[in-house]
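J.: The task is to assemble the complex, starting from two chains supplied on their own in separate frames and drawing on the hints.
Chains as they are written, first to last, in the numbering used here: chain D, 1425 to 1888; chain R, 216 to 674.
Take these hints with a grain of salt, some might be off.
One side of the interface only, derived from the structure: several residues of chain D facing chain R at Cβ under 8 Å [what the hints assert, rightly or not]:
#, residue
1, Gly1469
2, Ser1471
3, Met1492
4, Gln1526
5, Ala1644
6, Pro1858
7, Leu1862
8, Glu1863
Please keep in mind that the hints were generated in silico from the structure rather than gathered at the bench. Every residue, glycine too, gets a C-beta built ideally from N, C-alpha and C.
Each chain, letter by letter, is given below.
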Amino acid sequence: MTEPLRLSVVGHTNVGKTSFIRTLLRSTRFGEVSSRASTTRHVEGASLKVEGDEVLRLYDTPGLEDAMSLLDYLERLRRPGERRDGPALIAQFLDSAEARGQFEQEAKVLRQLLASDAGLYVIDAREPVLPKYVDELEVLSLCGKPLFPVLNFVAGNDTRSDAWRDALARRGLHALLSFDSVAPPLDGERRLYESLALMLEKARPQLQRLIADRAAQAEARRRNGARLIAELLLDVAAYRVSVAPEDDVVAQAVRGMRERVRAREQQCVEALLRLYGFERGDASTAELPLAEGRWEEDLFHPETLKQLGIRVTGGFAAGAAAGAGLDLMVGGASFGAGAVLGALAGGAAQAGRQLGARLLGKLRGERVLSVDDAIIALLALRQQQLLRALEARGHAAQQPLALDDPRDSDWRKAKLPEPLVKARAHAEWSSLNPGAKLEQADRRAQITALARLLAQTATDHHPS
Amino acid sequence: MTSKPSTALSKLDRLWLAEAIRLTEAHAGLLEDAEANRHARAGGGDLAQRILVRAERLAERDGLRAALLHWRQAATLLLFALAAFALFTGAGLAFAALGDGQRPVNVFWALGSLLGLNLLTLAGWLIGLGSEAGGAGLGRLWLWLSGKLAHDARAVQLAPALMSLLSQAGLARWGLGRLVNGFWLLVMGAALLVLIALLAARRYGFSWETTLLSTDHIVALTQGLGALPALLGFPLPAPDIVRASSVALDQEAARQSWAGWLLGTVLVYGVLPRLLLTLLCGWRWRRGLRTLQLDLSQPEYQVLRERLLPSGESLGVSDPAPDALPRARPGQAVGAGSGAVLVGIELDQDQPWPPPLPAGVTDAGLADSRQQRQALLEALIRQPPARLVIACDPRRSVDRGTLKLIAELSRLAAATRVWLLTPDRVDPARREEWRAALRELRLDYVDQAPLGWLESGHD
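Chain R on its own, in the form it takes in the complex (with noise of 0.2 Å):
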């Protein structure tokens, strides 16, 4: 099987593929899926096409679309198998209704055998219509033969994903309705035309038989019968003939109303009927299968989405990270300054601050805005401290800036102390952070006020 056309994935093989994966990832998990995605993506389009992509993708490496394909052709022989044997049950049906000939024909039995179980399947057809795969026994029987016959174990996903993708858009009993119609049709119309030539080719004597029923009844229920083909233009026994019938007459006219009579009512209760609704079948079918499509809603394909379309995506670095970010350089101030100094950084408005001072320990204020820092900058400059003590707050983010101006300040005096306030709230990782970029500065630090170490020098 190389030719192409074979190959090739009709929309309802695509949609159908696609079925079966989502129904295998629904039921067993996700499928290792990246390169399938890959093409996906990059063939474009909306959702259900890249979803429809990926399906085929995922199917072809995993031997389901070979499965599919392989079905197909057990599809297709199974079909004709079954034209076959309608055929052969059609004729069976006609030459078991005249008979040899030897004997005539009992009209009513011959009819009931033509049609009876005909009628019988079409009623529960009909019935079934109501729930959504229609009850088509035959149809179903085919899709389970097809997937035994398909050689390929694969396969054995295929006709449930099949029935719950066409259920899903009500087309399964339209599907299975135009197999079964078309099937009995077949039957019908092969019945009918073996009548036709056995009743043309032999001479068959015709007669009715009842214990129960009076003649008028046989009457009624010929005329009845009848009605309908006779608009058609087939002959109707006339009531005289019927009522002489009870023995077989042999006369011509007789046997032609009889012939034509079995004929048209054939015709109209078997063959008709399923005539129409193979062609009403047939065209839901097709009108259904031209907007069927993937029901995007299932929420498998709302987690492909996101795989498939994505709704937001990285672009990548633009401006890469420098090797290393500017670090702020550590000192001390060489001569020995005078005096002590307490200054505040980035404080809490709720710190109360400055908070009760010794004597001998200049309040330097707050050092936030510009200003401030350049008056305390220049300050210190100009009178360098023996001891200054910065203080903190942990709940800041440690940015370059703020140590930035740490560092310079400890690089005015003589001994600098860091002063990490305590609030219980601050987080560990943080303050952690703040250790670790004051010992990078070598500077000490502590979490008590230094107060008594500003005042004398010593703890």
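Here chain D stands alone, though its shape is the one from the complex (with noise of 0.2 Å):
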């Protein structure tokens, strides 16, 4: 196996070096992080891994606070007419007392950075570029490493990157890398990776490697979250619950539904949070306003006749309101046609008992109360919402994730698409429902399905 890439994080005091780390690292549980300057005053490696390969180890490191004083005493050390070059004079300066005493923190940055193959310099885009960073610039040019800037914090709008660009064009410094570590790109990750390959030859397989391993596990988070978000709204659309027409029954009933389903909803956030490496808590929805119960039967659904072999017609749909009359035809039709054929593909029993317990519910006066499309519609819409809230935060955001109601409304025009269609004869596929079989054949692909058309609608969204 080959050395992994070693760069210490360098730079002034609250630039972001942890924050950077995070979200390399995917993990908010590195070091800690806080709006106050000095929050690390160790040195703390990182490794980042590729098939339990390490590739890349990054240190962190404590934030220079006073280069120009040891700008002045490096100077000082330097005798008149010595020439010495830059990392025999921090070799010395390592050695002397100050090192422990007064620049203990900038010793253990230039420790660190004199054990490493390079330097990533953390930028703060926002701030004017000072004196005291060109001096930083210049204290740990003496290590004789090489040294890229990183500039942090380039997503809002007062940045000052230009400036930055050029101060440090004027060092000798051209190449950048831009990295935003709270709201880092999407691409931002394979960006990075790429410009030090470039720039680091002897590391490029590894770091190809990296980006391989990291572009793969992107699109398998997001392909996973959809599948997630689509096993949600299957559920959902599947839900049904027959009671009783009496009005204190069917308002009990739908609180419980209500209940049940933004519980559902809640798991799918949990499960969403913890595919993309976040800790709860992370993530606020409003509570979800769901309307009234659906009231409609299901049991007119023209899929539910599909599913019994039933050709259905338009006006065949269009008439199935018409009431009692109808069921009875249903059910002397299903079991002429639908039933033999249905026995032999193993259904019959299935169909058959569907429909019976439908007919019964019907006969016996019952209602059927399922989630209405328009709900299914937002719950759909604020999952990918926050899908695409997570591939975009990064794992040092501090700030709590706030939703707001999704306006775009493409779903709620739209009809449910084809899955959700079907789903809504299944209740057996609805893990809310008694008696639910999750693991049949047709549920699964019907998943993959909708998985699949979500993920399409999250790259829509992604012109990347």
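T.: Below, the structure written as structure tokens:
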């Protein structure tokens, strides 16, 4: 196995060095992040792995705070007329008493940089180019290690990226990395590693491996996120409760359904958070505004009839609201042509039982409640929005994730996609219903189809 | 049951347990898995291997592994019972078909009773092949009964997991097909053997009966059915024998050719199809089993990836934090200085500087670079001011270098105030941090321009 590439993450205090590592590590647990200066006072390593192999090692270092005095001190260390190179001078400084006293923090940084292959100099791009930062670069360059400036916090409007570019170019640092650790662009990680690979030739194979792995994982995360959403939507679409038609019974059932749908959504939210490596409490979703429970009988849903092997014409579907007479007809017809074919396909028992239960309910005068299309569309929109937000969120972000209700109404205007329409007729597909058969092949196929659909719309939103 | 081989898990068993754990976690939430994960990480290998180790640990802890062993025992037992049942059924079919020998055997009736059910279920199975689990009612019954017989509450979760695992790889139809076809192979084999034994040891007369069909139809039917067996060397009753057999013939040749024809058709239409299908299913099953592996694209496994094969982790602190950071020393000049000085530190370019100053106040400019700071400090040492105002931009983070400069400047003046400029954009937390640092230096700070104080010495 090749040695991992070691990079020291250095910079002024409070420019987001720890955040930067957190985001690359996809972990909110690394180090401590706060808006206070000098939060990190130690050196901490983090390894980035591909399939268990360590390919990159990042060291978080304390912030530089007094480079000016250090530069003064180094000049005094250099005796007049003496020509010593930077690393030798730094070595002499590290041996001095001041390296354990006044400049202890700076000494830690320099010691770590000397032991690394290169340094990433993190810059808060909102800051003006002050002389103290230029002095920091000078001290760091004495170590004789390649130094790559990383512009952090570039997502806002009030950045001074151009001034920094200019100032760094004046000091011979033309290769500049841009990476916002709070709101990293979707391909930010890839661009960062690619730039590093260009500059550190020896480490190119490892970095390429890292790029490929991270891309594959991002893709897998997106796909799995879509699948979790698809499962939620299918669960809710197929959710159905039969109750007696008395008003208070219905009202109680509607309340119960709302509770369960809310809980199911929360479950999906938490699964998505886990998938993206965030902690619970990061996201807050407003209470789901469930509309009235769905009052239409799903019994007359054309899909229900199709399930029984009956060809549905437009007129038949439209006339389906007619009432009980039709019930009996459906019962008669279904056990004719449909039943024989169904029996041979092994599906008759299923279909028959479903129809039986529903006919029975209908005759008893029960009402079947299911969740409204609009609610499902709302769930779809919200979860997709959450997925997108999580994708674009760095692991350094400190503010809770807040989502507003979706405004775009692709889902609202459109009918439910095909898999959900099918699910309406399959109560056994919903984990919310008793006696659910979640491993049914057909259910799985519909989830896969729906997830693909969701992933597609997700990519449509990202032009990348 | 302590013998080693029966407790060792096959590849299928381990995948099965992993699937059972996955389904449990997908439907009922994550299990407490810290210990299992540690073992899995320590075991090394790729993600699939680690997931298998984790699943086996969890299964062991939750009794799922034991349930699987129970289930397997029950399944084996059931398999034997099923085989015995098949043999009895086959023998029964043969006895029923030939009857007691008192009356002649109605050949087509006998053939129908021997092959009818078999061919019907075969057709059902072939139609069901299109769907994933392949309409193998018998196979499902076996799975269900195994679960019941295992006498283990946890075994209930095992059958769905097995079906899920196998149907993901499209293996369920072949596995269950092997079972179903094997069962019917036994039935038909037993029937054939008992037929041979009965025909060898007893005397039967053969006849056919019909109400609807003509004799020619019967001849054609006999010839048609017998054509394939005839290719294998089975005798085919000659047309005149068939015609004459509407009443049982007491001729040895007729009896032998009818017996041979019956055996041949049972072999070709009963035993051989089932044998071929059993072999086909067995072959597909074995081949599928070899390539069977975890479907790592499942969302549950994606979450596990981060825990079992982390793409990044902290290596811990390699250079610990010091107990205390060096601090700037507070203080002020002893003698009374003269004059008033305003200096700015690290101000933004968009800050108009200096502000219009009252008479008698010296503008010392900005103290950003080392040269500027050096010059300023030297000037103040030569002429210590009575009042000094240091203007800072609290958008900068409070760093030791700046605090040190402020402290050093304040030690050169008789009285010092720090003016925290108030651009509206300052984060309140950052401002508070500045104030705390200045309090530590025992310096006064103000938000509004302290130019009046600078000019006169009082507010």
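J.: Please flag the earlier hints that this structure goes against, numbers listed from lowest up.
T.: Hint 6 contradicted; others consistent.
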